[in-house]
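2 protein chains.
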Amino acid sequence: MHFSERIKAMQTSPIRRLVPFADEAKKKGRKVYHLNIGQPDIKTPDEYFEAVRNFKVDTVAYATSQGNNDLRDAISAYYKSWDIPYERDDIYITNGGSEALSFAVMTICDPGDELLVPEPFYANYNAFAQMALARVVPIPTRAEEGFHLPPAGVIEKLITPKTRAIWISNPGNPTGAVYTPAELEMLVSIAKKHDLYLIADEVYREFTYDGEKFTSLGHMKDALDRVIMVDSVSKRFSACGARIGCIAIRNKEFMGQVLKLCQGRLCVSTLEQVGAVGLYRTSKKYLEEVNSEYQSRRDTLYKGLKGIDGVICEQPKGAFYMMVKAPVDDAEKFITWMLQNYEVGGETMMAAPGSGFYSTPNKGKDEMRLAYVLKNEDLVKAVSILKGAIAAYPGRIEAIKA
Amino acid sequence: MHFSERIKAMQTSPIRRLVPFADEAKKKGRKVYHLNIGQPDIKTPDEYFEAVRNFKVDTVAYATSQGNNDLRDAISAYYKSWDIPYERDDIYITNGGSEALSFAVMTICDPGDELLVPEPFYANYNAFAQMALARVVPIPTRAEEGFHLPPAGVIEKLITPKTRAIWISNPGNPTGAVYTPAELEMLVSIAKKHDLYLIADEVYREFTYDGEKFTSLGHMKDALDRVIMVDSVSKRFSACGARIGCIAIRNKEFMGQVLKLCQGRLCVSTLEQVGAVGLYRTSKKYLEEVNSEYQSRRDTLYKGLKGIDGVICEQPKGAFYMMVKAPVDDAEKFITWMLQNYEVGGETMMAAPGSGFYSTPNKGKDEMRLAYVLKNEDLVKAVSILKGAIAAYPGRIEAIKA
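Chains as they are written, first to last, in our numbering: chain A, 1117 to 1518; chain B, 1117 to 1518.
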């Protein structure tokens, strides 16, 4: 049977494709510490469950395609608390940040169009681009520079007549980088000069550490007609399974166009929107506590990794990921091997292979993304397993050299 | 700012685009009978609310991209009760039938590829095709023949090297047609001869009337590797807002490909999947009662329409829609006029303009789709309003002729 070129070119998720090996390990009775996926173990706020429990209707009817007004109003108020001036009509509710990203690309890109994305980047950006037959063009960044952006000249050299947007994740998945106001202003200036959109994936907005103040592309007041804001409750409120996100922009024409996509899929879950209104009622205290918890986890993971010979990583300032260089021939092979063969007291761990976060061929082969989404004591165990596994792995660089 | 050719070519939903006029009418204090949208007023089964109320977890985590196994098993058991042999692994959970359709097109179509669809067809089929830059090629059907399929020769003449699938809604939205076993066998034989997929949108499977026995493309045992089944809880359990559907096929390679799209959007709402397991526990009695209710509504609507001069329609055998020819210059103008200007005792009604269900230019301009999703007494009122509106409409054919 025939398959589209589009689908054949798509990759299975590097974050999820090794899951069958984890499942095998679990079948053998092993516990697997999941540092491969951004699935926090933090409690979802009670407000979600309370809202859901109180949901009483006769018929679970369609919501409007734009999303429920009370949720859009709650999100508008949330943005205003961040000094980001989105009104209800600037916001549509989506099936997670994922759908928002996919809609953004569909709305602005035709086949062959290009999207500039700092590399390494969240693997599914490739999937969203590929669905529209657009192409991610990587902006190179370096671990040694904390994955910050290169100078404007380097970025501008990548721009062609087919470039449609600069697309950032800030704070960054998988790098943990938090862009400075100067970096964002540089992007705005490039976007204006070349008439590009700026796609701002800010689902980790609350997660910056060491007192780092977060600046949003939504603060760039003179560029809001070209900033496509993408957001989600998934990480903020530890509610990944709720699949509630949004797309926002102060640009009526854009909202008119993207509405067609919203109407195509009719609406987002009515009940989850009710739950999400609850989430946005969550106290600031919850978010502050979660922030401290992640900062402490970051410190734990970083300290643990520093104790492994040959592992190279920088301490990130935000989100809850680290890109880590490991002394192995191939991180995907190593992780697979670890799931199949390595255990300490019946426990093993899982990371996401780094190459999936690069579109440049052969890059990231010896890297892994680690998500510090587990509590400190679990992270300590996971890093200790990782250390042992690297030492025992037949494909470790030292072993190959020897 | 730049917009993609793709998005510019997409239409706003004919079912939803007149909603602002309905909202205006409501602001004036008018009650609007919504026959424009397939949003039933039937009660969602208690099993949904019970399942949702009992949902107790600490963290609302991602589900697997394929969908929860207990829901996939429940759907597999449901299919088996219909003698359709789908196992868990043949089924992925989707965000409603809409996402399943969109995934089907993305998986099999590259730009310029063609999908044969009996016309008139559900308007969003155009949207799903357009997202993949594929094209709906209409198979003409006629109201006078109850919208049944033309002979094989007519369909085969439409096939080109770019044809990828024949795509049916059965029972039919918007026609209410229920295809005979002979028609389905004809489609299977064409699909095999030309190596095409068959996309089977069977979300109205339970809704056939007058003792009409439903035959599924899932019954075509020798073609199950090319039948892409699309399903949803929306209509079956009157749970449109739950956004739970599925895509199913007995073809491992296809499932491997479409999984990439599932992974791209991570997963479907965890809580709604829990609710849907509840829905599939609903007794057969519920479905039988709902079936009788719709049959009675169909009779009410049909009888009412027969009493309007110049209105032409056939009594459909399934789903809950009728395509109706009205004696007006332009059904979209007429519906807009009705929402703006016509009321009886503070009440008015809304239909969906027919042209949105055709891709052939100028077809369906004097047609409307009516959904008999309201209780009989409301349908009686809605038809009476429609009758009065047609008589009063300045653009009615008689008035133009006179």
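These are calculated hints, taken from the structure and not from any lab test.
One or more of the hints may lead you astray.
It does not matter which identical chain is used: a pair holds within one copy or between any two.
Distance condition first, Cα-Cα at most 30 Å in a straight line; then the derived DSSO-like pairs of lysine-lysine [unchecked claim]:
#1 1419 to 1196
#2 1278 to 1124
#3 1159 to 1172
#4 1400 to 1172
#5 1124 to 1159
#6 1491 to 1172
#7 1337 to 1449
#8 1481 to 1172
#9 1309 to 1419
#10 1401 to 1481
#11 1124 to 1308
#12 1422 to 1196
#13 1124 to 1144
Every value quoted in this text rests on a predicted model; they were computed, and no experiment measured them.
Structure-based check of all given hints:
Taking CA atoms no more than 30 Å apart as the test, residue 1419 paired with residue 1196 passes in neither setting, with 37 Å inside one copy and 54 Å between copies. Taking the shortest Cα distances, residue 1278 and residue 1124 sit within 30 Å of each other both inside one copy (23 Å) and across copies (17 Å). In this assembly of identical chains, residue 1159 and residue 1172 lie within 30 Å of each other by CA distance both inside one copy and across copies; the values are 24 Å within and 12 Å between. Within a single copy, residue 1400 and residue 1172 get their C-alpha atoms as close as 28 Å, and across copies as close as 24 Å, so both meet the 30 Å cut-off.
In this assembly of identical chains, residue 1124 and residue 1159 lie within 30 Å of each other by CA distance neither inside one copy nor across copies; the values are 38 Å within and 43 Å between. Taking the closest pair of Cα atoms, residue 1491 and residue 1172 come within 30 Å of each other only across two copies (21 Å); inside a single copy the shortest separation is 36 Å, beyond that limit. In this assembly of identical chains, the alpha carbons of residue 1337 and residue 1449 never lie at most 30 Å apart, being 46 Å within a copy and 41 Å across copies at closest. In this assembly of identical chains, residue 1481 and residue 1172 lie within 30 Å of each other by CA distance neither inside one copy nor across copies; the values are 51 Å within and 40 Å between.
With identical chains, the CA atoms of residue 1309 and residue 1419 are never at most 30 Å apart, being 43 Å at best within one copy and 64 Å at best between copies. Taking CA atoms no more than 30 Å apart as the test, residue 1401 paired with residue 1481 passes in neither setting, with 40 Å inside one copy and 57 Å between copies. Within a single copy, residue 1124 and residue 1308 get their C-alpha atoms only as close as 35 Å, which misses the 30 Å cut-off; across copies the closest is 23 Å, which meets it. Within a single copy, residue 1422 and residue 1196 get their C-alpha atoms no closer than 40 Å, and across copies no closer than 55 Å, so neither meets the 30 Å cut-off.
Taking CA atoms no more than 30 Å apart as the test, residue 1124 paired with residue 1144 passes in neither setting, with 33 Å inside one copy and 53 Å between copies.
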